[in-house]
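Undergrad: All chains should be built: construct the whole structure from the sequences, respecting the hints.
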Amino acid sequence: MTVAPKPAQPIAKGLPGPGLLAQVVVSKYADHLPLYRQEDIFGRHGIELSRKTMCDWVLASAKILEPVVELMKARTLDSKVIHTDDTPVNVRGPGGNYQGRFWVYVGDTPHPYTVYDFTPSRRRDGPAAFLKEFAGTKENPRYLQADAFGGYDGIYAADTGVLEVACWAHARRKFYDARKSDVNRAHQVLAWVRILLYDVERDAKGFDAQQRQALRQERSKPVLDKMQQWLDSQQGRVLPKSPIGEAVTYAQNQWNALLRYLDDGDLAIDNNAAENALRGIAIGRKNYLFIGSDRGGRAAAILYSLVRSAKRHDLDPFIYLRDLFLRIPTHPNKDIHLLLPDHWKQDILPTLDSPPRP
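In this note's numbering, the protein residues as written are 58 to 415.
There's no promise every hint is true.
[Stated by the list, open to error] When the alpha-carbon atoms are kept at most 25 Å apart in a straight line, the in silico PhoX-like pairs for lysine-lysine are as follows: (1) K368 with K130; (2) K368 with K63; (3) K402 with K120; (4) K109 with K343; (5) K137 with K343; (6) K130 with K402; (7) K278 with K231; (8) K262 with K368; (9) K402 with K391; (10) K70 with K120.
[Claimed, not checked] Have a look at the derived ranges for each label pair, beta carbon to beta carbon: (11) Y155 with K70: 28 to 36 Å; (12) Q403 with P64: 21 to 29 Å; (13) Y155 with A185: 15 to 23 Å.
It should be emphasised that the hints constitute simulated quantities derived from the structure, not laboratory data. As the structure is a computational prediction, the values presented were derived from the model and not from experiment. Quick reminder that beta carbons are idealized off the backbone N, C-alpha and C, glycines included.
TA: This is the structure:
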């Protein structure tokens, strides 16, 4: 009698198969179910599975899939335009609780990946380290679209070839916050932004970059020229520390970066792509309350990257991750690019015996 060798397992000498690992990861990072809730759910089905065991599986899963995310990061850094933003998260460390940070980096259309990073603070060395390979030239600049966080200033240095693109949603929000204390001024700017500038963006949907740029120059630039004159005229008329005064100052300080989207049709009017990519973390944070360690934060960033990028390609993250866990123990490093969500969708998904759920 001959016994066939056991297939390679995602976790060497581990108990969970690809499906169970994918279930735990997707439940936590896509469906926002903390491990203690999953423990209760498994218990109702008669399965004794402790949260500590699942925590070890999550950490191991991130380690297994890290090469895929590293390649996603490298390709994201090849983007012409990257959207970035950050959000806080509580971390339970050996010296007490502190506030860590999740950062998101959204690649452009030719580099369709959404990659997260975790840092134990909001210091500027976090984005500086992540974006150190992101550089352009005077003739072919790269663009980083973000809020007005000063930690990005070094990235916009002249020798990097990276230009700042500000966010009109952020600028608009300042005037929205001032709408009750200074009705006329606030609503004047809100009308310019919402009714005029964003209407141009709506009409430009489906345009290529050249057509979009031309439309912005024709319709948006005159509105922005008028708005700049109005902002300049408010100097000395509004109290600097009032809500409307702070809104005016913010817009003036960011003005060149706010205008930059006029120069290139590949740029967006706002940074909503990055803000939307952080919503899942915000929902999950309300459920799991804190990250258990820096290591846990880095593992979460890896798994969030895979789940979010899968969704970006309209993939079921469970089917995608289950297949990755099945393949990666024996997958050759030279073909790791085939496991990226866009390549996987094109080259592997059509070959699966079990078609994905609709």
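Undergrad: Does each hint hold? Answer for all of them.
TA: Hints and how they fare:
no. : hint                       : in the structure
1   : K368 with K130             : 17 Å, holds
2   : K368 with K63              : 32 Å, violated
3   : K402 with K120             : 23 Å, holds
4   : K109 with K343             : 20 Å, holds
5   : K137 with K343             : 34 Å, violated
6   : K130 with K402             : 18 Å, holds
7   : K278 with K231             : 21 Å, holds
8   : K262 with K368             : 22 Å, holds
9   : K402 with K391             : 18 Å, holds
10  : K70 with K120              : 15 Å, holds
11  : Y155 with K70: 28 to 36 Å  : 35 Å, holds
12  : Q403 with P64: 21 to 29 Å  : 26 Å, holds
13  : Y155 with A185: 15 to 23 Å : 21 Å, holds
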